[in-house]
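Novice: What follows is each chain in one-letter form.
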Amino acid sequence: MSSLLAAASFDVPTIEYGQLSPMLIIFGVAVLSLLVEAFAPRGSRRPIQLVLVFAGLAAAFAAVVMIRGTQHIAAMGSVAVDGPALFMQGAILVLAFIAALVMAERQVDPLGDAFAPRASALPGSTDEIAFTRLGWLQTEVWPLFLFSVGGMLLFPASADLLTMFVALEVVSLPLYIMAGLARRRRLLSQEAALKYFVLGAFSSAFFLYGTALFYGYAGSVDLSAISDALTANAGSMWLVITATGLVSVGLLFKIGAVPFHQWTPDVYQGSPTPVTGFMAACTKIAAFGALLRIMYVALGGIRWDWRPMMYVIAALTMIVGTLFALTQTDMKRMLAYSSIAQAGFMLVGVIATNQAGLSGTMVYLVAYGIATIGAFAIVTLVRDSTGEASHLSQWAGLGRKAPIVASAFALFLLAFAGIPLTSGFTGKFAVFTAGIAGGATPVVIIGLVASAVAAFFYVRVIVLMFFNEPTSDDGVSVVVPSGFTTLAITISVALTLVIGLVPQLILDLANQAGLFIR
Amino acid sequence: MSTFPWLLALLVVPLLGAALVMFLPKNSPKLAKQVGLLVSLIVLALTIGMALAFVVAKAADFQFAYSVSWIPAFGVNFSLGVDGIALVLIAMAATLVPVVMLAGWDDVDGSQGSVRGYVALILVLEAAIVGVFAATDLFLFYVFFEAMLVPVYFLIGRYGGPRRNYAAVKFLLYSLFGGLLMLGSLIGLYVVSARITGTGTFDFTSLANLNIDADTQKWLFLGFFIAFAIKAPLVPFHTWLPDAAAESTPGTAVLLVGVLDKVGTFGMLRYCLELFPDASRWATPVVIALAVIGIIYGALVAIGQTDIKRLIAYTSVSHFGFIALGIFVMTTRGQIGSALYMVNHGFSTAALFLIGGFLISRRGSRLIEDFGGVQKVAPVLAGTFLVAGLSSLALPGLSSFVSEFLVLVGTFERYRWVGVVATLGIVLAALYVLLMYQRTMTGPTPDAVRERVTDLRGREVLAIAPILIIIVALGFYPKPVLDVINPAIDRVMHAVNATNPPPDVAPVAEGTQP
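Chains as they are written, first to last, in the numbering used here: chain F, 1 to 518; chain C, 519 to 1032.
If you're looking for bench data, these hints aren't it; they were derived computationally from the structure.
These figures come from a predicted structure and were not determined experimentally.
Every residue, glycine too, gets a C-beta built ideally from N, C-alpha and C.
Take these hints with a grain of salt, some might be off.
[Stated by the list, open to error] Under the rule of at most 35 Å between Cα atoms (straight-line distance), these lysine-lysine pairs were calculated in the DSBU-like manner: (1) C:Lys548 to C:Lys688; (2) C:Lys736 to C:Lys688; (3) F:Lys401 to C:Lys544; (4) C:Lys576 to C:Lys997; (5) C:Lys688 to F:Lys401; (6) C:Lys736 to C:Lys576; (7) C:Lys894 to C:Lys548; (8) C:Lys548 to F:Lys401; (9) C:Lys736 to C:Lys544.
[As the list claims (entries may be wrong)] Covered stretches of chain C (in silico footprint by chain F; criterion: 3 or more residues with CB under 8 Å from a CB of chain F, positions within the stretch not fixed): (10) 611-625; (11) 656-665; (12) 678-686; (13) 692-698; (14) 702-713.
The following block holds chain F by itself, in its conformation from the complex:
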């Protein structure tokens, strides 16, 4: 769609509203939700927002189900509505639903929910204390959440680089704010937000520069036009390589791949934990979706040029993520490094550049996302008087204090470790099989060794919870949550087991999604 930038004559755009309905629903609800913030009285905002969010997510999911099987590039060549896009949109919506349940929790913190009563109040100021005493809630988090989800739906479906860039920003900007909204440890949270913003903006610039270079090469930002130009072998190869590198940096940053991962532990640690779960799970799906689409659709023809780069990045990501996770003493930071390592495993599926690699990565993303949201939901429950007790030593003996919660957490850890009969194994198996079939055997071997090392720090937490005596009188307890978090954890546990025991269901879905439309 070269007319996007160089419009010689004006065509009346045709918009396929039906095929775009999942995004339209979410953005529409997001606007409504904004209006609620503006006009509804403070006391009634939360219930209205919750109804809007859950109904909106459910309606968008229903829309995805309704338009399943579509293979069409909609909105004048900007949005590809195809099997993989719909699979990822469905996955994002389901995970966002679970994440929203955790965000809606108001019972675990005696002061209110997970978010600062008013983000603009200085940490520790009298204002803040007053707002807290009034019991105010920062319900603005909901429109931010919805806009971010909308961006995530668009991100993997973008058929040209400019749409993808816009989607990237729509995903990110609300997340920057949400990262800074923590009720407890506000300075850490604000630091996380600033760090995320600065580095995110920086990487967006890389992406945009890469887009410009692609335009210079192909005369278009359309993914399929870039692919055609590569087939025709027009223009300078160095331009393409540089552009590929720059665009990859932007996306690899969002994925948290080494060496663009530095923000991950700080942001995961500082953000309100429910937001951490949401962004760890959903952003990763969206960004992987976009990366897969660029690599498979636009750059499939030169995969022999970019695969060596991706080999190195995948290997580094697995190794660095695993090794740094070993040394962490904070639960949220450990999960952050673990999510870096997991991103490395998923990159194996990207490298495979075959149908199995695509479907395998999608299955892995879902498996990882579910376990991640579940794990962070449990992190919100382990508390002492100052908030979440996220130091590893505070988790000692948790199996004695709260056997069910500890068992659920152990299940998520086993899924991360890729133990058979859990969802993580299904994902790992699918990705590694695709990797070997795609000729990436050395990376798969590194992946297996990294998995073995990674198992160590997952198991260490299980040991800590079940085999160690709790430190006496440290005031750490597992708070009994309301139905929201309970439901979120229950769904996560159930899905983790289902994907582990009966993987055929999700494998069928992923395989039927087929390949990207060109």
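Starting from the known structure of chain F, fit chain C onto it as the hints suggest.
Specialist: This is chain C only, laid out in the frame that chain F set:
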């Protein structure tokens, strides 16, 4: 062949039993133990029923085959079936579980974990053991192979001795590492099968019929072999075993060393040899060297141990050397000996660990130096311990002799000098067993021993008696087991394309089957 789904029943009954035990009231540990024992006896009864229904003439085939599609996308089926070797190993496991329950009746009272959890974990483990021996789909085998780790990990880590955390984690990491290497080979095998036949499969028989080129075989073989060598364990992958065995309860140690570790040697025999025949022959010199080193090293280190349980663990390292040796000398007699050895070692190690456990729990110490003169105060205990020890050193008339002799004969047939060196292991075995007996059971009786060590109680005798009877019975009449094993070994020998070397002595020796 009957139509009753024996194997499925063997899988499901212990799992249901475990679930039932977990739903029992928390404050009645005795009831949990009774239910656990009952369930394990039902499993034993089912196993006996299955063994009776087993057609010995067709012992090379997978009988009682059961298969449903599980993950069609990966070509994975939930397929079960047993040949002669798998049958005798399942039978051994099913015999040992009730014995372990009964012998360890009081072992976990007052430990930090709950009694019903202990019972349930053992039953879950029993199901996993049945699954790992009965799986005829490699993916399913791998799943059980890994799933087995979880109950053992908790059995060691929650119910073990003072250094149980360390031992449990070490065990898990070694096993996970091996398991992941195997996963790599498993995936590779799947991709290779997809390349050769067009559709990937995990079915054992189909995979065994693939003609994989020799170079690919080597890589795939290594993944499987290292996993099995860690599990078995062969030197130098053995260092987890003494810790795990010493820190776990005697019952767990029996299941771990006596049964679980057999998965390693079973896997070498079934999977390494039949799936990768060329690579197996390629690796033979190294494996034989490791096995012989294991035999001698394990025995020497056992002699130097001061801790009874570690000593027993090291004797097993030596015995696993014999088993691996018999498998890789690629002679019929060697492999039959190894298969039989797996069963015999299970029983004799069980007897040693359990009686050693009785001794240790009475005195409250695992150190050999804390004992002495036990045979005066506890003659039955000392006597059974002696029988178990003699079985371990392969005294003629006891079961281990038959298998050890077969392994050595099989070794001599092909590698005479290896056989000579391996025979030293028997001499060293006499040393470590008799020295341990001498130091603990004979001589003056210290006061601490006189006060605390009482003779075996009725329950303990009841638990140990069946094992000792089996040890003696198989020592005099191993034919029933050999008849079942033989056809399956012939299949392996055929698959690995090995022929027995012609006898270079008078053919009279051929006819003297022990």
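Novice: Now look at each hint and say whether the structure bears it out.
Specialist: Now for the hints, and whether the structure bears them out:
1. C:Lys548 to C:Lys688: holds, 32 Å
2. C:Lys736 to C:Lys688: Between C:Lys736 and C:Lys688 the Cα gap is close to 28 Å, so the pair holds against 35 Å.
3. F:Lys401 to C:Lys544: Given that 35 Å is the threshold and the Cα spacing comes to 16 Å, the pair holds.
4. C:Lys576 to C:Lys997: holds, 16 Å
5. C:Lys688 to F:Lys401: holds, 26 Å
6. C:Lys736 to C:Lys576: With Cα atoms ~31 Å apart, C:Lys736 and C:Lys576 stay inside 35 Å; holds.
7. C:Lys894 to C:Lys548: Holds, because 33 Å separates the two Cα atoms, which is no more than 35 Å.
8. C:Lys548 to F:Lys401: Since the Cα atoms of C:Lys548 and F:Lys401 sit roughly 25 Å apart, the hinted pair holds (cutoff 35 Å).
9. C:Lys736 to C:Lys544: violated, 52 Å
10. 611-625: The restraint on the segment 611-625 of chain C is violated, since only 0 of its residues have a Cβ under 8 Å from chain F and three are required.
11. 656-665: Holds, because 4 residues of the segment 656-665 of chain C bring their Cβ atoms closer than 8 Å to Cβ atoms of chain F.
12. 678-686: holds (count 3)
13. 692-698: holds (count 3)
14. 702-713: holds (count 6)
Hint check: violations occur at hints 9 and 10; the rest are consistent with the structure.
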